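Participant: Knowing the structure of chain A, use the given hints to seat chain B on it.
Residue numbers (our numbering), protein chains in the order written: chain A, 1 to 184; chain B, 185 to 538.
Keep in mind the hints are simulated off the structure, nothing from the lab.
There's no promise every hint is true.
To be clear about the criterion: a stretch of chain B counts as covered by chain A if any three or more of its residues have a C-beta under 8 Å from a C-beta of chain A, and this derived list gives those stretches [claimed, not checked]: (1) 351 to 357; (2) 440 to 446; (3) 518 to 524.
What you are looking at is a predicted structure, and each value in this text was computed from that prediction instead of being measured.
All C-beta atoms, glycine included, are put in the ideal place defined by N, C-alpha and C.
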Amino acid sequence: MTEEIIIAGFGGQGVLSMGKILAYSGVMGNKEVSWMPSYGPEMRGGTANVTVIISDERISSPIINQFDTAIILNQQSMDKFEKSVKPGGLLIYDPNGITRHPQRQDINIYQIEAADEAASMGLTKVFNMVVLGGFLKLKPIIQPEFIRKGLEKSLPKRHHGLIPENEKAIEKGKEIIKSVHQLN
Amino acid sequence: MKGNEAFAEAAIRAGADGYFGYPITPQSEVMEYLMAEKPHERTGMVVLQAESEVAAINMVYGGAACGKRVLTSSSSPGISLKQEGISYIAGAELPCVILNVVRGGPGLGTIQPSQSDYFQSTKGGGHGDYRMIVLAPSSVQEMADFARLGFDLAFKYRNPVLVLSDGAIGQMMEKVELDEQRPRFTEEEIIKNTPWATTGKTKDRERNIITSLDLDSAKQELHNHALQAKYKLMQEQETRFEMISCEDADYLIVAYGTSARISQKAVDLLRAEGIKVGLLRPITLYPFPTEIISKLADQVKGILTVEMSAGQMIEDVRLAVGCRVKVEHFGRMGGIIPSPTEVVEAMQTKIIGG
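Bound-form chain A, shown alone (with noise of 0.2 Å):
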C-alpha cells in the first residue's frame, strides 16, 4: 500500500498540522511516512500546502507531481491541484468560498462541508479533522486507535484536553462526507 496525498488550502486552516496528525498516524501505525510541507513566504498568509506519503515501502521521493488523492480547501489550490490527482484518483474538498467546481470526469469527487460542521460545533478549529475524518472514511488506511496516538504525540501536552473533541470532528466527518462524481 502506498498512499500519496496532497492537502492545500490557505494558511491557517490547519492543513499542515493535519498533514502531520496524519503522518504521525502512520509512524505509529508502524507505516513508512514522508511529510514535505510548503515554506516560507507562502505560509505566511497565502496558500498552505503539505505533501504526505504513507506507506508499507521505503518511500522514494518525498516531492511528487501526481497523487492518488487531493484533499483542496480553497479555491487557489484547486485550480492548482485538481489537474494533478491520478486518473482514478480521489479528490475531497470543501465547497465552503469555492466558485469553479471541480470539472474532471476520470477521478472520485467528494464533497465535506467541514466549515460549517465545525462552525456548528463550536470548535472551529476542528475543521482540519472534519475533513480528516472525511478522508479516513473513504481510505481506511490508518487504524483509529493510531489515530489516537498520532493526535497525541503531534499535539502539544497541554492541548491533550482537547483530543476527544478532535476524535468527535473526525467522525463527524465520516458521517457528512457526499460524493459529487463517482467512477464506475
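Facilitator: Only chain B this time, still in chain A's reference frame:
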C-alpha cells in the same frame, strides 16, 4: 521529526560540546530546537546565538582549537560569510562539523531548496588549497546519522566536515531512529586523544600553537604537502555512495540529496516502461565516487545527472567518464524542485532519444 531537528538532536547525542550559529531560513529550526531542548541541562553542551555568521564560525574555530566537538549551521548566504573561517580551520587542521541547508542563489536568492552550492562545497569555497569531507544526506535519517559521522570523520582527519543538505530535507518530516546519547569528551580524554589541542601547557611538553599562518614558504609548502597527503587518504578511505538498480542498468542517473530521492522515483517510473535505469547516489561529494562512476560508464549507454542547479556535479561526472558515453544534465534552479516525471522526460529526450 524535521530534518533540521533530527540533525540538532543527533548532534546533542553525538556528544557535541558547543553549537554556535546565526538564524537563517531554511535552517533556523536547528538552533530553535537546540535552544528549546536546553542541552546544557542534558549534557552540558553550549548553544549560543552569535552576533553574526562570522562570529559563529570563529567561535567554532576557538572551540575546535581546544579539542572540543563543535558545530555550526547556516544556509547558503550565511555559509558564504563563513568561508574565511572555514579556510582558517582547514589550514589550522581543526575538526568541526558545518551544516549547510542550501537555498537558491546567487545572493540572497530565495529561501526555497537548491543544490547550487556544490562548487563552493567541494572545490573549496574559501581561499587556499584545502578540501573538506562533504556528506550529502538524502533523508531525515541521514541528517541524524551524518551529525555523528561528521564528528567522527572530523576528528579522524583533523579536518572540517561539511554536511550539504537542502531546504527540502531540512524542512520535511520522516521517520528517524536516533542513536543513544554518547557522553561528551572529558578533559582527560581531550588531553589524551587530541594532544595538539590548546588545553593549557604543562611542564612536560612544548606549547601547542594553533595557527594557519607560516611566513616561511618552505615550511608552508611542507604543510601543504601534508594536507594533500591527508586529502589523498580521505579519497582512498572515505568515498561513500549508494547504488540503486544498477546491476542490469542500460542507463544511469547520478544524483545526490533531494534530487536522488526524486530520481529514484523516476527510476521506478522508467523501469515500469521497461527501460533499465539505475541510480548512483554519491553520499560523499568530496571525496567524489569517481571510480565507480568510471566503472559504470563501461556498462551503460548514457548518463543523466540531476541537480537543483545549472549543472555543477556534472563536471565531476564528466571527469570520471571521459568521453566514453554521453553525459547530460537536467535540473531546475532558483528554488524549484524538479518532479519525477520531468526527470523521466529528460532521460527520454536527452539520453535515450538524444
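Participant: Each hint needs a verdict: does it hold in this structure or not?
Facilitator: Hint by hint, here is what the structure shows:
1. 351 to 357: holds (count 5)
2. 440 to 446: With 3 residues close enough to chain A, the hint holds.
3. 518 to 524: Per the Cβ count (3), the hint holds.
When the structure is compared with the earlier hints, no violation turns up for any of them.
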